[in-house]
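Could you slot chain B onto chain A? The hints should help.
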Amino acid sequence: MKKLFRPHLTFILMGALMAFSACDDHGHEPHDHEGELITTMTLTMTPQNGGTPITTTFRDVDGDGGQAPVMTPSQVVLSANTLYNTNITVLDESHDSKDLTNEIREEGHEHELFFLPSPADLLTVTKTDLDKNNRPIGLQSTIQTGAAKTGTLRVVLKHQPGLKTATSNVNTGETDADVTYNIQVK
Amino acid sequence: MFKSIQKILKYPLLALLFAIVGLQPVVAQQATVDGPDAGAEQDCGLTISGKILDHDTRITLVGATVYIPELDKAAIADEYGNYHFHHLCRGTYTLKVTYIGFETESFTIKLNSSTVRDLQLHTDTRQLSQVEITGSRLSQEAQASGTISGRELEATRGLSLGESLKNISGMSTIQTGPTISKPVIHGLHSNRILIMNNGVRHEGQQWGAEHAPEIDPFVASEIKVVKGAAGVRYGADAIGGVVIIEPKPLRDSAGVSGELNLLGTTNNRQGAISATVDGNAAKIPALSWRLQGTAKRAGNARAADYYLQNTGFREVNFSGALGYEKENFGVEVFYSQFNTRLGILKAAHIGNLTDLENAIGRDRPEQTSYDFSYTIERPFQDVQHHLLKTKAYLNTGNAGRLEFIYGLQRNIREEYDAHRASGTTPELSLDIITHTTETVWEHKPLGNVSGSVGVSTIYQNNTYQGRYFIPYFRNLTGGAFIIEKWQKDKFQLEGGVRYDFKKLNITKRERNADIIRPEYNFHNISGTLGALYDVGYHLTFGLSATSAWRAPGANELFSDGVHHGSASYERGNRNLNSEQAYNFEASVNYYANQRLNGKLSVYNNFINDYIYLAPVQPATLTIRGAFPTFEYKQADAIFRGVDLDLEYRFMPNLYLESRTSIVRAINKDLDDYLFGIPADRYNNMLRFEPGTLAGIKGLTGTHIAIGGTYVAEQTRVPTKAEQDYMAPPAGAFLLNMEIGTTVYAGKQPVELGITGNNLLDKPYRDYLNRFRYYADDIGRMLLFRVKLPLNFTKN
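Residue numbers (UniProt numbering), protein chains in the order written: chain A, 1 to 186; chain B, 1 to 795.
Next up, chain A with everything else stripped away, as it sits in the complex (with noise of 0.2 angstroms):
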């Protein structure tokens, strides 16, 4: 009897010894790297006829969730009828601060930002850069504000590779930031 029960302990003993053997500790911790990620949006927009410049960003520094984003300043304040030359800069800040506003422009002709007012009135953007087939961009454009006004400034960077033409819009193609800037126009 107890010769018959041998093979049985060894088949049961080399299971077991296979699956604690893996065991082994990890001791190695994860490291996350997000491939590319847009943490910061800062318009700088210069009135014309010389004065301070002013900026506002939107800044989300762990990327999607965690900590909420900041804006700042909370609400912009620009004077009324004047003409700013704007521009945009794009920011990978999660880990060290990466300027991505080069490689939008250079693939301007995948990429565009358009501007959306409201009230539509608000201001008046117009888009002063060119990519190699003659589209606008977005990243340097003049901001024409009008009679004093509170409303929002909607700012879209769509990627739209093989996309970008004569027809393609705001909803065309992806969108790699939707930001909305508070502004008082006084």
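Think of the hints as simulated: they come from the structure by calculation, not from any bench. A portion of the hints provided could be inaccurate.
Chain A stretches covered by chain B per the calculated footprint, using a threshold of three residues with CB under 8 angstroms from any CB of chain B [unchecked claim]: (1) 29-39; (2) 58-65; (3) 168-182.
Even for Gly, the Cβ is constructed at its ideal location relative to N, Cα and C.
Chain B alone, transformed into the frame defined by chain A:
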């Protein structure tokens, strides 16, 4: 470590072995079969006759042997599969039926008057009995199951595993575009069903609805689906059911044979080749081997009106097996590798909710100006799966049979996103290694009781590189079970119980860069009870109560981020408990009749603490705008439904095959429907099997089938909370067709087949396709198949 395990395992198992073996002689004495009743009034002019049939195909088995040991008489089934015994006296007889390639089965018949009784045999799968641990298959389990094999399986060659299973009632698929398809059993999928691949529990990143099973369907010679909770036999997670993939047994006679499959399709212009070579050494008869390989390549699939850009795929798989089988022991080593690159529909790569709403608003994707192409661009997935399996068994004479299986799997999943300035590296790479063991001792039948006991373990280690999706984790699962089956005359009872524990160790980097290492411990008991009653007249009733449990997955506990393609922010819940399922099922089976055959099964699967994604407030604000936010929650749920299989024969070779699958799923806590449940599904095929066509010589096995599938609109969707962005698509009827025949080039048989799906090229969308927001489902597709069975053995 080693010693302590030895101690733990040694004593209870020894005790169990002694206990069962000790019982054996006592029970065995009671179990002697009643011989012809000598004392009763003699009436010795009785006849017993009937047909011998293949259980699965209902084909008659010409030449099968029927032997009555009580009389030492034998008969051989004639050219119509009929057997006869004449001049029998009243009494109880055993009919032992044997046929090559089938399991020998014994039927006990109490003869009071002349009787016609058809006897069915099952294909011999004993060499792969790891999953058939109940051993003898005198009759099926009480729990509902469905099988595809033989010609039915051939007709699905070239389709993914999920698509191949749609022909079983109760089954549907959850898709992510045309390339990714996963099986759904009774409304449950992903980590709620188990896939047993060649006797080893398939382990990858199966929690993801867009992670297709990494299995080459060409390896399978039979795919069986156990429907409903089946935790006792298969272990944790089998809440919805089990898909069992079985390859052909290794060659058991000397020689070398093979099989070559060639496949081409319209629509995505898929080309596939799959070859198998089987051998058995003449000098060492115990030694058998097999080599198998498959290569596939497909380009963009086409919906009825446009190409679906970037939906091509490539696949290269191979496997090898070596077996050494003696009467009393055997070992087998198997290795397989699966490699695929799957394109993801370009239009489904979106940035935010507005993009999704724009996509829903369009009647076709923006990116349709492209022509057909085999190019796979970002986004795509690269997946590699390795499986190494070793199996050993020992027939322990008086005691029974002991089997041990060890499986080593490694699954590497790389996801390439479509971002600007993406390099050549994946944005996410998940790597999971799994060791599984199973030791099963199938004891010799003790009188009317047969069964088995077993112990199984799983050890897993998951790591990743790139963006966060799920944390690092280690998982140790152990379980022990016992299943016994008692059978007498027309009644069969089965019962089993299982205990499992699961220890989950997480290593996660929090957003503030701290490392946390929480540990979770789950343990649960599963049970199964089943009864089958053979009323006679080809009618059986079955009742079953089964249970299973599932621990929350690492994704459900710790996911945290925007989900691609669905424009939602998904958040894990670190306080989830295990799900526990109790499945009750009643079935009626009316079989082996000349005209009408059918099977009806009604089920109720109660899932306590069902884990689901529930919408929560507020929305999550990101630099791409606000995303609706979902969090994993738990509620008691019921999945109930009906599966109906019907077959009506107008003529011996003309019949209608009908399958109906209906499932309803309710969140009991909210008194609301659950999201993403398959719509009612009806499948009807008219099949004509002339075998040989009049006037055409050399054609055999000819068959033609035409019919279709109607999937209704899903009208039962959650109403109490916003859970979806788009109403379920309208119902759709798809016309399908199958033609096949075998021609002979000299002595070489060549099997030819054409399968046509969506023949009317109907534009439609499917509720269970996660990309239904973006594009139509696949249009007309014809699959052309050539199969060459090869024999290299010199006769």
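Hint check:
Look at the segment 29-39 of chain A against chain B: 10 of its residues bring a Cβ nearer than 8 angstroms to a Cβ of that chain, three or more, so the hint holds. With 6 residues having a beta carbon nearer than 8 angstroms to a beta carbon of chain B, the segment 58-65 of chain A meets the requirement of three or more and the stated coverage holds. With a threshold of 8 angstroms between beta carbons, the proposed coverage of the segment 168-182 of chain A by chain B holds, since 9 of its residues qualify and at least three are required.
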